[in-house]
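Asker: Sequence:
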Amino acid sequence: MEYHVWAVWDFMSLVKSLQQHLTCVRTPWVPVGDAEVRFLINEIVVGEESDVNRHNIRTSHFEMYLEAMRGMGASTDPIDSFVRKLREGGSVGSLLVSAEIPEAARRFVAFTMDVIERGKPHEIASVFTFGREEIIPTMFLGILDTLEKKDNASYEDLRYYLERHVEVDGGHHGPLAERMVELLCGSDAALYEEAATMAKKALQHRIALWDAVADECSTR
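Counting the sequence shown from 1 gives a position; the working numbering is that position plus 3.
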């Protein structure tokens with residue numbers, strides 16, 4: 004969880020980057036882009052940024068994950084310090100260098116931020132869709148299969164977080180995200196190729212992150 008929380012944080016940055024590109028987030032307001040695309044990303048943002056936890060309290064999925072970490076006894080100190088320094092005006096690039104973050108997580112986040120900084124909505128949407136939304140339900144179901152065998156109250160927040168993502172991403176956000184990529188690429192084969200390239204890179208970084216977690220677990 005101390006590795007994965009960084010992927011949970013930069014996921015929220017992907018979501019908000021797409022909202023900035025595909026909707027109007029400034030005043031005075033003017034219509035931006037395609038109304039269906041605006042609907043798709045705004046629908047996703049609502050769920051990711053202001054869902055309900057297992058106590059029916061509004062919270063973001065990132066904050067929900069932090070709750071689960073604390074319940075499990077995992078340290079949130081590095082990510083808490085990182086977010087606090089961001090609020091104080093620190094840059095992501097400099098903080099990634101100085102933060103107490105596992106190297107594999109650092110590389111994972113650096114790739115995500117690079118995609119965001121490139122500023123191509125179809126690439127960002129592809130990383131979001133195929134590097135995150137499409138794989139999360141299956142990935143989390145595997146973890147849930149293990150948790151279901153454990154009767155331990157400290158797992159309840161994590162169990163809820165995983166179940167919520169399987170439900171929302173598999174049944175709702177995943178199809179919305181796929182449609183968003185389709186609309187952004189249209190009939191342009193070059194855009195689809197760029198989107199596919201970034202999706203593959205995102206999956207490679209995901210594999211590297213989990214391999215690093217597996218290596219660390221094997222040493223404990």
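These are computed hints drawn from the structure, not numbers from a lab. Mixed in with the good hints there might be a few duds.
[Claimed, not checked] Below, a list of computed lysine to aspartate or glutamate pairs in the DMTMM-like style, where the Cα atoms sit at most 25 Å apart:
id, residue 1, residue 2
1, 88, 51
2, 88, 70
3, 204, 70
4, 123, 137
5, 204, 159
6, 123, 219
7, 203, 83
8, 203, 185
9, 19, 117
10, 19, 120
11, 19, 219
12, 123, 103
13, 88, 120
14, 19, 185
15, 123, 185
16, 88, 103
17, 123, 197
18, 19, 83
19, 203, 70
20, 19, 170
21, 19, 66
22, 88, 137
23, 19, 137
24, 123, 170
25, 204, 219
[What the hints assert, rightly or not] Derived CB-CB ranges, DEER-like:
id, residue 1, residue 2, range
26, 48, 96, 19 to 27 Å
27, 182, 33, 19 to 27 Å
28, 84, 117, 20 to 28 Å
29, 28, 182, 34 to 42 Å
30, 207, 101, 22 to 30 Å
31, 58, 218, 31 to 39 Å
32, 159, 123, 21 to 29 Å
33, 30, 221, 50 to 58 Å
34, 148, 48, 25 to 33 Å
35, 211, 38, 23 to 31 Å
36, 182, 222, 26 to 34 Å
37, 58, 206, 29 to 37 Å
Backbone N, C-alpha and C define an ideal beta-carbon position, used for all residues, glycine too.
Asker: Quick one: which hint numbers does this structure break? Sort them smallest to largest.
Answerer: 3, 5, 6, 7, 11, 12, 19, 22, 24, 29, 32, 35, 36
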